[in-house]
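There are 2 protein chains.
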Amino acid sequence: MSKQIIVYGGRGALGDCLVRYFKSRNFKVTSIDLKENEQADINITLNDAENLEKQAEFITEQIQSSSNGEPVEAILNVAGGWAGGNAHDKNFIKNSDLVFKQSVNSTLITASLASKFLKEDGLLTLAGAAAALDVTPGMIGYGAAKAATIHIGKSLAASNSGMPKNSSVLTIAPITLDTPMNRKWMPKADTSTWTPLEYIAELFYKWVDDPSSRPVNGSVVKLTTKDGNTELSYH
Amino acid sequence: MSKQIIVYGGRGALGDCLVRYFKSRNFKVTSIDLKENEQADINITLNDAENLEKQAEFITEQIQSSSNGEPVEAILNVAGGWAGGNAHDKNFIKNSDLVFKQSVNSTLITASLASKFLKEDGLLTLAGAAAALDVTPGMIGYGAAKAATIHIGKSLAASNSGMPKNSSVLTIAPITLDTPMNRKWMPKADTSTWTPLEYIAELFYKWVDDPSSRPVNGSVVKLTTKDGNTELSYH
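The listed protein sequences derive, respectively, from chains A and B. Counting from 1, one number per residue, gives the positions in the first sequence under our numbering. Counting from 1, one number per residue, gives the positions in the second sequence under our numbering.
Everything labelled a hint here was simulated from the structure, so no lab data went into it. Mixed in with the good hints, there may be bad ones.
Same chains, same names: a pair is fine if it fits in one copy or spans any two.
[Stated by the list, open to error] Straight-line C-alpha distance at most 27 angstroms; calculated DSSO-like pairs for lysine-lysine: (1) 94 with 35; (2) 184 with 226; (3) 116 with 101; (4) 54 with 94; (5) 119 with 90; (6) 101 with 90; (7) 54 with 28; (8) 94 with 165; (9) 116 with 90; (10) 54 with 101; (11) 23 with 206; (12) 94 with 116; (13) 3 with 23; (14) 94 with 119; (15) 90 with 54; (16) 3 with 165; (17) 165 with 119; (18) 90 with 165; (19) 101 with 188; (20) 226 with 54; (21) 119 with 28.
Let's have the full structure, built from the sequences with the hints guiding it.
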């Protein structure tokens with residue numbers, strides 16, 4: 001029987017990379033996103049117009065039925081977009097609302113899923129951002145949404161958070177990911193400082209496959225890439 | 001001509017105390033809340049069913065017309081409620097959604113208002129919580145919403161955040177406020193460690209009246225009350 005994982009945001013660039021990577025390692029992969037990922041074994045397709053509570057209920061019911069009570073090895077949350085803007089930006093409220101919905105709502109849902117479906121010593125990863133480890137005056141909503149995500153990750157790693165016994169919560173904090181969209185929008189950037197998606201897929205696979213390789217529970221794992229080499233630091 | 005301030009959450013216990021206090025000092029006071037505060041000069045009454053963007057637009061239009069282009073001395077945000085629950089709590093998603101709406105949405109709106117209406121060297125205060133300075137496994141949504149508020153406060157104090165020149169952003173981080181609701185729900189608690197609302201009103205008044213008395217811009221101001229005496233520490 002295949003081991004199973006859930007990728008939240010499985011239709012994004014990083015999510016798609018994770019779906020393919022874990023499929024190649026013979027995992028049964030569930031993708032949760034606004035659109036289907038054809039590579040996934042199971043797709044849970046969200047209706048963005050539904051409120052958070054309805055979305056959470058829908059996803060929970062779907063996983064309840066598709067997981068057949070089998071343990072989930074890992075829930076990998078890579079959902080979320082970027083939006084800039086300081087407090088005086090004309091789209092400040094709209095963009096902040098959007099990034100909170102993308103980042104925080106998915107973080108809350110995956111925390112809830114982990115408390116219900118993750119196996120003992122399973123892994124939950126959350127999508128933070130290196131920028132949110134400092135102030136973010138030029139992208140206030142984005143930085144605050146990622147700071148909230150980081151806070152949730154650290155809280156989930158503490159006692160009595162509702163997480164399964166011996167499970168781990170790790171929040172990755174990338175600087176810039178090497179995605180097609182980032183290449184499109186920043187055509188002149190030095191991509192040797194961008195973190196390859198495959199690197200993250202391998203890292204997550206290692207953490208899933210060998211729990212002893214995981215950083216301390218609750219760590220924020222910053223990914224710094226230089227000359228194509230990525231190093232990790234813990235916050 | 002009276003100086004004017006805006007109290008966001010003017011119908012709550014602390015908000016009502018602020019409205020009365022600043023009225024007694026001859027300020028023109030605008031209260032923003034779901035219900036009117038009869039003591040206020042101007043009330044902006046929100047429809048909770050509206051989305052964040054609509055609420056922000058409505059408030060901005062109302063203040064545009066009621067402020068008559070006169071400078072706003074201070075915007076005091078004391079909105080927000082409390083809800084507990086770890087990730088396995090049956091109301092985890094619902095309660096987290098609620099506290100984010102109460103705390104983060106009001107924080108975003110007041111940040112936007114400050115960028116538009118606050119005078120140079122004016123004051124914006126935000127409603128943080130001492131609990132959010134550490135992990136909050138038993139109240140994950142609440143702690144994360146307050147962590148986001150704290151992040152926004154620090155970001156607004158940095159360069160190019162959109163805030164008016166020489167203005168200050170201070171985020172208060174109380175432990176427990178001495179409100180009628182807290183007395184009702186925690187009847188056996190030691191209230192000598194609860195911070196009196198009047199103390200905060202006097203503190204805010206001092207900061208408004210004398211900018212040189214303010215802590216460093218961007219500070220999180222923790223209020224610790226012992227034997228009825230409150231001390232401040234900065235984070």
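For each hint, the structure was consulted:
In this assembly of identical chains, residue 94 and residue 35 lie within 27 angstroms of each other by CA distance both inside one copy and across copies; the values are 23 angstroms within and 25 angstroms between. Within a single copy, residue 184 and residue 226 get their C-alpha atoms as close as 20 angstroms, which meets the 27 angstroms cut-off; across copies the closest is 57 angstroms, which misses it. Proximity of residue 116 to residue 101 under the C-alpha cut-off of 27 angstroms is found in both arrangements, the shortest distances being 22 angstroms within a copy and 25 angstroms between copies. In the homo-oligomer, the alpha carbons of residue 54 and residue 94 lie at most 27 angstroms apart both inside one protomer (22 angstroms) and across protomers (10 angstroms), since each shortest distance falls under that limit.
In this assembly of identical chains, the alpha carbons of residue 119 and residue 90 lie at most 27 angstroms apart only when taken from different copies (19 angstroms versus 45 angstroms within one copy). In the homo-oligomer, the alpha carbons of residue 101 and residue 90 lie at most 27 angstroms apart both inside one protomer (19 angstroms) and across protomers (21 angstroms), since each shortest distance falls under that limit. Within a single copy, residue 54 and residue 28 get their C-alpha atoms as close as 26 angstroms, which meets the 27 angstroms cut-off; across copies the closest is 43 angstroms, which misses it. For a Cα distance limit of 27 angstroms, the shortest separation of residue 94 from residue 165 across copies, 24 angstroms, qualifies, whereas the shortest one inside one copy, 39 angstroms, does not.
In this assembly of identical chains, the alpha carbons of residue 116 and residue 90 lie at most 27 angstroms apart only when taken from different copies (11 angstroms versus 41 angstroms within one copy). Taking the shortest Cα distances, residue 54 and residue 101 sit within 27 angstroms of each other both inside one copy (14 angstroms) and across copies (16 angstroms). Proximity of residue 23 to residue 206 under the C-alpha cut-off of 27 angstroms is restricted to the intra-copy arrangement: shortest distance 15 angstroms within a copy versus 62 angstroms between copies. Only between protomers do residue 94 and residue 116 lie at most 27 angstroms apart by alpha-carbon distance; the minimum there is 16 angstroms, versus 33 angstroms within a single protomer.
In this homomeric assembly, residue 3 and residue 23 come within 27 angstroms of each other (Cα to Cα) only inside a single copy, at 10 angstroms, whereas the closest approach across copies is 65 angstroms. In this assembly of identical chains, the alpha carbons of residue 94 and residue 119 lie at most 27 angstroms apart only when taken from different copies (24 angstroms versus 38 angstroms within one copy). Only between protomers do residue 90 and residue 54 lie at most 27 angstroms apart by alpha-carbon distance; the minimum there is 14 angstroms, versus 30 angstroms within a single protomer. For a Cα distance limit of 27 angstroms, the shortest separation of residue 3 from residue 165 inside one copy, 19 angstroms, qualifies, whereas the shortest one across copies, 57 angstroms, does not.
Proximity of residue 165 and residue 119 under a CA criterion of 27 angstroms is satisfied intra-copy only: 8 angstroms inside one chain copy versus 53 angstroms between copies. Proximity of residue 90 and residue 165 under a CA criterion of 27 angstroms is satisfied inter-copy only: 19 angstroms between copies versus 46 angstroms inside one chain copy. Taking the closest pair of Cα atoms, residue 101 and residue 188 never come within 27 angstroms of each other, the shortest separation being 30 angstroms inside a single copy and 39 angstroms across copies. In this assembly of identical chains, residue 226 and residue 54 lie within 27 angstroms of each other by CA distance neither inside one copy nor across copies; the values are 42 angstroms within and 44 angstroms between.
With identical chains, the CA atoms of residue 119 and residue 28 are at most 27 angstroms apart within one copy only, with a shortest distance of 15 angstroms there and 58 angstroms across copies.
Of the hints listed earlier, those the structure fails to meet are numbers 19, 20, in rising order.
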